[in-house]
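Asker: Each residue of the sequence shown is one higher than the one before, counting from 5 in the numbering used here.
Watch out, some of these pointers could steer you wrong.
[Said to hold, decoys possible] Pair by pair, the computed Cβ-Cβ distance ranges are:
1) V40 x G15: 36 to 44 Å
2) S80 x T30: 28 to 36 Å
3) A69 x L27: 44 to 52 Å
4) V40 x S16: 34 to 42 Å
5) V36 x S80: 48 to 56 Å
6) S43 x L18: 17 to 25 Å
Don't read these hints as lab results, they were simulated from the structure.
A quick note: this is a predicted structure, and the numbers were derived from the prediction, not measured.
Note that beta-carbon positions come from the ideal geometry of N, C-alpha and C, so glycine has one too.
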Amino acid sequence: MHLGDRDRGSGSVLVVGVVLALLVLTAGGLVVGSAVVASGRARAAADLAALAGAAALQRGSSAGAACAEAGRVATSNGSRPTGCAVSGFDVEVTTSSGAALVAGVAVARSRAGPDPAPGVRPAGR
5 MHLGDRDRGS GSVLVVGVVL ALLVLTAGGL VVGSAVVASG RARAAADLAA
55 LAGAAALQRG SSAGAACAEA GRVATSNGSR PTGCAVSGFD VEVTTSSGAA
105 LVAGVAVARS RAGPDPAPGV RPAGR
């Protein structure tokens with residue numbers, strides 16, 4: 005019996021361990037990536053929806069029509085509109101977007117409207 009016989013096959017166990025570690029790291033990266041994509045989608049949809057709603061108000065649409073337009077834009081950008089509020093010519097939109105590999109939901113809120121008068125800081129900003 006040779007001294008190295010006890011180590012026979014240990015390389016296979018090491019390779020299996022390394023492969024499993026790589027699989028776990030890859031799965032974790034996919035989950036994090038999925039959450040980042042969902043967050044970006046929700047933020048982009050909220051921004052675009054708020055801009056669309058504010059533009060509708062500028063064209064003379066009612067608050068309800070502006071929120072309906074914001075909802076259409078949010079939906080067309082892959083998010084679900086979950087809230088819309090109009091205050092003057094400002095529109096605030098909330099959207100949510102589910103991540104493909106995560107059970108959670110990314111939520112984003114955005115406000116759009118005309119610039120305030122010079123030197124005036126809007127409340128809440």
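Asker: Hint by hint, note whether the structure agrees.
Answerer: Hints and how they fare:
1. Separation of V40 from G15 is about 37 Å and conforms to the stated range, judged on CB atoms against 36 to 44 Å.
2. Range check, S80 to T30: about 32 Å between beta-carbon atoms, so the 28 to 36 Å window is met.
3. Separated by about 51 Å at the C-beta atoms, A69 and L27 satisfy the suggested range of 44 to 52 Å.
4. Evaluation of the 34 to 42 Å hint for V40 and S16 yields a pass: the beta carbon distance comes to about 36 Å.
5. Distance hint check: the CB atoms of V36 and S80 are about 27 Å apart, inconsistent with the given range 48 to 56 Å.
6. Restraint check, S43 to L18: a C-beta distance of roughly 38 Å breaks the suggested window 17 to 25 Å.
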